[in-house]
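Undergrad: Work the whole structure out from these sequences, hints included.
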Amino acid sequence: MKHTWIIAQRELHTFFDSLTAYILLVLFLGFSGFFTWLFGADVFLVGQASLQGFFGIAYWTLFFFIPAITMRMFAEEKRSGTIELLLTRPVTDWQIVTGKFLAALVLIAIALALTLPYYFTVWSLGPVDHGAVWNGYLGLLLMSACYISIGLFTSSVTNNQIVALLSSLFIGIFFHLLFGLLANGLSGLPGKISGYLSLQSHFESIARGVLDTKDIVYFLSLIFAGLFATELVLVRRNITDNV
Amino acid sequence: MDVVVQNVTKKYGSQKAVDDISFTVKTGEIVGFLGPNGAGKTTTMKAITGFFAPDNGDIRVGGISVSENPVEVKRLIGYLPETNPLYQEMGVIDYLFYVARLQGLEKERIPDRIREMVSICGLAGEKHKKIGELSKGYKQRVGLAQALIHDPAVLILDEPTSGLDPNQIVEIRELIKRIGKQKTVILSSHILAEVEATCDRILIISKGKIVANGTPADLRKQAQGHELLKVTIEGAPRNDIFSALKALDGVKLVNPIEGTAGSFEIESREGMSNRRQVFTLCVSKGWFLTELTPVETKLEDIFRELTMN
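Going down the list, the protein sequences come from chains A and B.
Numbered by the working numbering, the letters in the first sequence go through residues 1 to 243 in order.
Numbered by the working numbering, the letters in the second sequence go through residues 1001 to 1309 in order.
Hints in this document: simulated from the structure, not taken from any laboratory.
The structure displayed is predicted, hence computed values, not measured ones.
Don't take each hint at face value.
Partial list, derived from the structure: chain B residues whose beta carbon lies under 8 angstroms from chain A [said to hold, decoys possible]:
hint : residue
1    : E1068
2    : V1071
3    : R1075
4    : Y1079
5    : P1081
6    : L1102
Rough simulated footprint, nothing fancy, chain B against chain A, three-plus residues with beta-carbon under 8 angstroms [unchecked claim]:
hint : region
7    : 40–54
8    : 61–70
9    : 73–82
10   : 191–197
Think about it this way: if two alpha-carbon atoms lie no more than 30 angstroms apart in a straight line, the pair counts; the simulated DSS-like pairs of lysine-lysine are [as the list claims (entries may be wrong)]:
hint : chain 1 : residue 1 : chain 2 : residue 2
11   : B       : K1127     : A       : K2
12   : B       : K1230     : B       : K1177
13   : B       : K1181     : B       : K1127
14   : B       : K1230     : B       : K1252
15   : A       : K2        : B       : K1107
16   : A       : K78       : B       : K1230
17   : A       : K78       : B       : K1026
18   : B       : K1139     : B       : K1129
19   : B       : K1183     : B       : K1136
20   : B       : K1209     : B       : K1011
21   : B       : K1136     : A       : K78
22   : A       : K78       : B       : K1209
23   : B       : K1207     : B       : K1026
24   : A       : K2        : B       : K1207
25   : B       : K1177     : B       : K1026
26   : B       : K1207     : A       : K78
27   : B       : K1181     : B       : K1139
28   : B       : K1107     : B       : K1139
29   : A       : K2        : B       : K1130
30   : B       : K1011     : A       : K78
31   : B       : K1139     : A       : K78
32   : B       : K1139     : A       : K2
33   : B       : K1207     : B       : K1183
34   : B       : K1130     : A       : K78
35   : B       : K1181     : A       : K78
36   : A       : K78       : B       : K1127
37   : A       : K2        : B       : K1183
38   : B       : K1177     : B       : K1207
Heads up, the beta-carbon is just placed ideally off N, CA and C, and yes, glycines get one too.
TA: Printed below as a string of structure tokens:
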């Protein structure tokens, strides 16, 4: 755990020492703020003291921002060779993977925390369903964790950041949108399976204010599947042919 | 802390990069890994550091197996990879601090260790810069500092002096020698003079196998077996001297040296010496022996002989 945190700290320093973190935070707040308060189905148009609009926007902005955060995490280390020094330190592969995961999650948590003023503003406007708001934040955090672990996986299989970014979006869009569409189009078992795999349906059920173990299990499974796959990619170097 | 490599094999695809290698390096010993490019030096070193597992065989550092307990072994090793990869965007001090923490140093000890590393590796003038802004020589020093920061018992240095200027090379060699007194050091190079100057023992590796193992003096003896003399004799026509030398008992080969009046290179038969015979020959014929020098086989020749076939 200590080593995980040391690695996460370094990653966070890299985010904040470069412009990456600031650009992402400004863009995220700009986008979500614009659509929550000023444009489209914003709070004033809907006329309800609710953050549903914000969650709908954040659902999409985070989907695009997270791969941009994770794409360099392994790809850059592999390209520059620093991965060799990291893998010869007294840390396990799992600690490396979780350290990077944690760093990205902390950055997203900071971004989400910075939107809390929206919550307080809406609260001052009228009665708010507090449970729904906190669940919405939890849902966004869980969703982010899923895309971070997918992003780490795609970053670990290549040393090209663009390839990592695009393949992460490609895998992500299935969970984000396509499984949901398939579930509507298909009937029977295939329909049920795609329905279960759709991240959208699980997110929406949490954001509505219902905290179901089923949804939590879904998110945790997806997160760990991604992290294990990433660790597996690192472990592969021990096997002939794959250095 | 001893490093024991036992029957290690590592393949890349169907090609064996390292083929059934075994050797031991003892505490206080500086061992030089010599070999042409692609001979398997780097692969062997990476296997010792636990960067990847060998396909066969095992490596033990201080009795701990790399494959069974890699984390424990990695704590004992300081490693400078051939390409010296560093985080370009990090500051020198920040990077050393990060490495020290990853290596498990207690937080209170770290500032002292960093100060020590900065002075040992001569980084004082550059310590506040970002690594990306440093010249190659200084990056190499940072690489060395990160390998030494946790005071490891075993040091693995893959071409530690590459990219340095002659003064820096001498400094780094001195540093390695000084450190190597208490530690186990394995360094690789393809500069023979460097290995000869710094190492107690040389391992020559070619096509994934160890082809020679011993002190520089041992290797010379092993490769020679016969004596090589350079003589200059005056007082008679060149051809007469040539045939007289050739007729001597222990002489295998006589080569007139081009561009000189009476200089020859004489190679003896296995295990024989010609010095006395040449002298008595000159005395009996009334020639003047103006030069008689034993020629030492150069490490370069041994290296070529062992790795060229």
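Undergrad: A separate judgement is required for each hint: does it hold in the structure or not?
TA: Now the hints, each set against the structure:
no.	hint	verdict
1	E1068	13 angstroms, violated
2	V1071	5 angstroms, holds
3	R1075	4 angstroms, holds
4	Y1079	5 angstroms, holds
5	P1081	5 angstroms, holds
6	L1102	5 angstroms, holds
7	40–54	violated (count 0)
8	61–70	violated (count 0)
9	73–82	holds (count 3)
10	191–197	violated (count 0)
11	K1127/B - K2/A	27 angstroms, holds
12	K1230/B - K1177/B	35 angstroms, violated
13	K1181/B - K1127/B	27 angstroms, holds
14	K1230/B - K1252/B	14 angstroms, holds
15	K2/A - K1107/B	12 angstroms, holds
16	K78/A - K1230/B	55 angstroms, violated
17	K78/A - K1026/B	33 angstroms, violated
18	K1139/B - K1129/B	11 angstroms, holds
19	K1183/B - K1136/B	26 angstroms, holds
20	K1209/B - K1011/B	13 angstroms, holds
21	K1136/B - K78/A	20 angstroms, holds
22	K78/A - K1209/B	29 angstroms, holds
23	K1207/B - K1026/B	25 angstroms, holds
24	K2/A - K1207/B	42 angstroms, violated
25	K1177/B - K1026/B	15 angstroms, holds
26	K1207/B - K78/A	27 angstroms, holds
27	K1181/B - K1139/B	25 angstroms, holds
28	K1107/B - K1139/B	25 angstroms, holds
29	K2/A - K1130/B	26 angstroms, holds
30	K1011/B - K78/A	21 angstroms, holds
31	K1139/B - K78/A	19 angstroms, holds
32	K1139/B - K2/A	28 angstroms, holds
33	K1207/B - K1183/B	29 angstroms, holds
34	K1130/B - K78/A	20 angstroms, holds
35	K1181/B - K78/A	35 angstroms, violated
36	K78/A - K1127/B	26 angstroms, holds
37	K2/A - K1183/B	28 angstroms, holds
38	K1177/B - K1207/B	29 angstroms, holds
Violation of the numbered hints given earlier is confined to hints 1, 7, 8, 10, 12, 16, 17, 24, 35; the remaining hints are satisfied by the structure.
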